[in-house]
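Visitor: Quick mapping for you: the protein sequence lines, in order, are chains A and R.
For the first sequence, our numbering begins at 1 and goes up steadily by one.
For the second sequence, our numbering begins at 187 and goes up steadily by one.
Everything labelled a hint here was simulated from the structure, so no lab data went into it.
Don't be surprised by glycine CBs; every beta carbon is placed ideally from N, CA and C.
A couple of the hints might just be wrong.
Unchecked claim - These stretches of chain A come out as covered by chain R in the derived footprint (C-beta under 8 Å, 3 or more residues):
(1) 41-55
(2) 110-120
(3) 131-140
(4) 178-184
Stated by the list, open to error - Here are the simulated lysine-lysine pairs, BS3-like style, with alpha carbons at most 27 Å apart:
(5) Lys357/R to Lys154/A
(6) Lys427/R to Lys472/R
(7) Lys472/R to Lys127/A
(8) Lys427/R to Lys143/A
(9) Lys125/A to Lys427/R
(10) Lys93/A to Lys473/R
(11) Lys305/R to Lys143/A
Listed below, chain by chain, are the residues.
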Amino acid sequence: MTSRCILQTALLVYFSTTVLAVNYDLLRFQLSSSSVECQNLLLQLNGTTKDCIKDRMNFKFPEEIEKPQQVQKEALLLVTLDIFQKTSDIFRKNLSSTGWNEIIVNNLLEKIHWQIEHLEEILEKIKEEENFTWDDRTLLPLKRYYLRIVRYLKAKVYSICAWKIVRAEMLRSFFFLDKFTNYLPN
Amino acid sequence: MLVEVTEDVTSLASGGPQTMFALLGATTLVLVAGVPWMLPAAAGGTNLKSPQNVEVYIVDDTFILRWDRSSPSVRNVTFSADYQTLENDTWLKLPGCQSIANTKCNFSSLELNIYEEIKLRIRAEEGNNTSPWHYVDSFTLFGKAQIGPPKVHLEAEDKAIIINITPPGTKDHGMWSLDSSSFTYSLEIWKNSSSGDRRTETVYPRDKIYKLSPETTYCLKVKARLLPRKIGVFSPVYCIKTTVENKLPPPENIQLDAENRIHVLKWDYAHENVTFQAQWLHAYLKKIPGDNSDKWKQIPNCENVRTTQCVFPKNTFRKGIYLIRVRASDGNTTSVWSKEEKFDTQFQITLLPPVIAVKSTNDVSLRVYISATEESENRAMNHPYSLTYEIVFWENTSNAERKIVDKRTDFTFPKLKPLTAYCVKARALIQDEKWNKSSVFSDTVCEKTKPGNTSKTWLIAGVCAALLSIPVVVYVMKLLFRCIGYVFFPSSKPPSAIDEYFSEQPLRNLLLFTSEEQTERCFIIENTNTIIAIEETHQTDGEHKKYNSQTSQDSGNYSNEDESSESKLSEEFVHQETE
Numbered sequence: 001m002t003s004r005c006i007l008q009t010a011l012l013v014y015f016s017t018t019v020l021a022v023n024y025d026l027l028r029f030q031l032s033s034s035s036v037e038c039q040n041l042l043l044q045l046n047g048t049t050k051d052c053i054k055d056r057m058n059f060k061f062p063e064e065i066e067k068p069q070q071v072q073k074e075a076l077l078l079v080t081l082d083i084f085q086k087t088s089d090i091f092r093k094n095l096s097s098t099g100w101n102e103i104i105v106n107n108l109l110e111k112i113h114w115q116i117e118h119l120e121e122i123l124e125k126i127k128e129e130e131n132f133t134w135d136d137r138t139l140l141p142l143k144r145y146y147l148r149i150v151r152y153l154k155a156k157v158y159s160i161c162a163w164k165i166v167r168a169e170m171l172r173s174f175f176f177l178d179k180f181t182n183y184l185p186n
Numbered sequence: 187m188l189v190e191v192t193e194d195v196t197s198l199a200s201g202g203p204q205t206m207f208a209l210l211g212a213t214t215l216v217l218v219a220g221v222p223w224m225l226p227a228a229a230g231g232t233n234l235k236s237p238q239n240v241e242v243y244i245v246d247d248t249f250i251l252r253w254d255r256s257s258p259s260v261r262n263v264t265f266s267a268d269y270q271t272l273e274n275d276t277w278l279k280l281p282g283c284q285s286i287a288n289t290k291c292n293f294s295s296l297e298l299n300i301y302e303e304i305k306l307r308i309r310a311e312e313g314n315n316t317s318p319w320h321y322v323d324s325f326t327l328f329g330k331a332q333i334g335p336p337k338v339h340l341e342a343e344d345k346a347i348i349i350n351i352t353p354p355g356t357k358d359h360g361m362w363s364l365d366s367s368s369f370t371y372s373l374e375i376w377k378n379s380s381s382g383d384r385r386t387e388t389v390y391p392r393d394k395i396y397k398l399s400p401e402t403t404y405c406l407k408v409k410a411r412l413l414p415r416k417i418g419v420f421s422p423v424y425c426i427k428t429t430v431e432n433k434l435p436p437p438e439n440i441q442l443d444a445e446n447r448i449h450v451l452k453w454d455y456a457h458e459n460v461t462f463q464a465q466w467l468h469a470y471l472k473k474i475p476g477d478n479s480d481k482w483k484q485i486p487n488c489e490n491v492r493t494t495q496c497v498f499p500k501n502t503f504r505k506g507i508y509l510i511r512v513r514a515s516d517g518n519t520t521s522v523w524s525k526e527e528k529f530d531t532q533f534q535i536t537l538l539p540p541v542i543a544v545k546s547t548n549d550v551s552l553r554v555y556i557s558a559t560e561e562s563e564n565r566a567m568n569h570p571y572s573l574t575y576e577i578v579f580w581e582n583t584s585n586a587e588r589k590i591v592d593k594r595t596d597f598t599f600p601k602l603k604p605l606t607a608y609c610v611k612a613r614a615l616i617q618d619e620k621w622n623k624s625s626v627f628s629d630t631v632c633e634k635t636k637p638g639n640t641s642k643t644w645l646i647a648g649v650c651a652a653l654l655s656i657p658v659v660v661y662v663m664k665l666l667f668r669c670i671g672y673v674f675f676p677s678s679k680p681p682s683a684i685d686e687y688f689s690e691q692p693l694r695n696l697l698l699f700t701s702e703e704q705t706e707r708c709f710i711i712e713n714t715n716t717i718i719a720i721e722e723t724h725q726t727d728g729e730h731k732k733y734n735s736q737t738s739q740d741s742g743n744y745s746n747e748d749e750s751s752e753s754k755l756s757e758e759f760v761h762q763e764t765e
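Sequences and hints are given; from them, build the entire structure.
Guide: This is how it looks when you write it as structure tokens:
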């Protein structure tokens, strides 16, 4: 391998990282590691639902998002950001009935926020650099989903069973999040 | 028409008064019947037109429906609207929009899922008459909603202004109930006195605007934004005057560096004889509206320090984004808090140098393998930035260095000099657009190259050459011995050249020593008769004899010497006898 060939490779690597301002490989790694960390923290919260059968609810995670091939990558990022933001909003509500460890909950919020910051930066960059026409309707199915969860919590007066059901639902949403990150481009 | 009638009347004056009266009656009837025709059509008719340009206008939690009348008139026309959700096929009355005389109505009391698609229809009514429905395309309340102005509360410091923003639409189940913490705010600030120089900044709900002059009036306005596309209207302009300059300024230029297992926090401060205090906060708490002043925590080892830096262990901060602020105190007064610096722990890493292994390969090249130490592998889980390596390569004796920067961990340096020592050292780099980081150089590893195939090929070539040269040598040796033999041990054979020049036997015998002794034949003459008889017999063959002697002479050259010499001798003797 001649030194010229190495130089060319180095130049290619350097230029490709400057031209493609959004590093999707890095983003994908960050998203999957954030998702894993958040899921681990959620699992540490006590969530056995065997006494809560009557509170069970199908929140109907939006099916359109379940098939991410039809969604563009910018919309995928927007959906991912919204999932993190809404999860953070939900876990800042009244948790007093749960008896969950505050440190774990704060840790979860920190990790979620860390990912939110990075996603917001990337989306700002995409807005500046790419001529992507955003559609307000992209997020509507997801907003309906989270509204169902928030209304459910309010209706159940933030009871411990309601929280356990919601916790299980949040775990499920992270599972779907993992599926989308695979559809991000290289 | 009347004029014509009168003209007709006058022309028919002679026609008689009866026809004149008939004509007059007809025209008045026509006129009376025609009046309602000519006058504009009254509302009492069945042609009511539906409203035009119907528009839904939503700001925060206020839902307004606006339209235009189809025909401008001041009559008793009212409008009513209905709505329908996609699930329910029935049209329901839109609250606040029934029998409206104006051209707009407020239906904010509608309790509906703001993310559900709904359809509206509106028509004009007058008494029992109704216009056809005008339908509005389906929409969601959220989709049409615009962000209203946020509320701002200000507090002045000497060189900064503390702002406290309340998100727009603060109703509990309002339009932005799910999104209130997702708003981003942008602010425009300017000095009240000068017209130009407006500064635009992105701010948190509770934030500070720095770099201001003391005792100056500043004015500002704020607007909220929501991804992906919603941009709100600006709030009204708020103005405030900054206070007198404080005696103790706050510290500036806060830096956080990481070294192995500790963090070093540094800052700049002009005055002396002061103590400092540093605090930290989780950055995400800034995004949440509300008071977070009680959530700031003390950084260990950074309270009442006299130096402009403090050191604390790295594990104080887990992976995340933090804000740090510092203030100074001289016992009596304390300064205001410094500007809050944001730190992302993933950028605060020490890159450990890599480990190199060098192997010399058979074709006179060196192969370099780069790997990470175990400790840096453990760290790599948290730091997914891909590493680039800078490899420095030089010949042990010379100083000429070759530098390569690449992401690969396996390199080959080919075509080197055999049996020479080369040295390698490397360091890890992170080259990202946001930041640069490099580790120290690893230990230098030197390795000698192998002798290589070239000398082996020479060896093989030499062996082949040797093998091929053996017959050549043998041949040469043979020639040599021949030469030597020729010089020191000559052969006794006459050269062939002599045969040509000296064909006669006696001379030959004189010149050369032949191995055989020449013996003369002796003839004893006892009886001449016998000899003559022989002669006679021989004479008859005289010609023949001559011929023979000639031939024998000739043949003497070719045939056996002894025989020819014999015949010649006998011939000479015979000639002597006859004479």
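Visitor: Hint by hint, note whether the structure agrees.
Guide: Consistency of the hints with the structure:
1. With 0 residues having a Cβ less than 8 Å from any Cβ of chain R, the stretch 41-55 of chain A misses the three-residue criterion, and the hint is violated.
2. With 8 residues carrying a beta carbon less than 8 Å from a beta carbon of chain R, the stretch 110-120 of chain A meets the three-residue requirement, and the given coverage holds.
3. Here the stretch 131-140 of chain A counts 7 residues with a CB under 8 Å from a CB of chain R, which clears the bar of 3, and the coverage holds.
4. Look at the stretch 178-184 of chain A against chain R: 0 of its residues bring a Cβ nearer than 8 Å to a Cβ of that chain, fewer than three, so the hint is violated.
5. With a C-alpha separation of about 15 Å, the suggested pair Lys357/R and Lys154/A falls inside the 27 Å cut-off, and the hint holds.
6. Restraint check for Lys427/R and Lys472/R: the C-alpha separation of about 25 Å stays at or below 27 Å, so the hint holds.
7. Annotation: proposed proximity of Lys472/R to Lys127/A holds, straight-line Cα distance about 24 Å (limit 27 Å).
8. Between Lys427/R and Lys143/A, the direct Cα distance comes to roughly 42 Å. Violation of the 27 Å bound is thereby established for this hinted pair.
9. Under the criterion of a C-alpha separation no larger than 27 Å, the hint pairing Lys125/A with Lys427/R is inconsistent with the structure, at around 36 Å.
10. A hinted pair counts as satisfied when its Cα atoms are at most 27 Å apart, and Lys93/A with Lys473/R qualifies at roughly 15 Å.
11. Simply put, Lys305/R and Lys143/A have alpha-carbon atoms about 20 Å apart, close enough for the 27 Å limit, and the pair holds.
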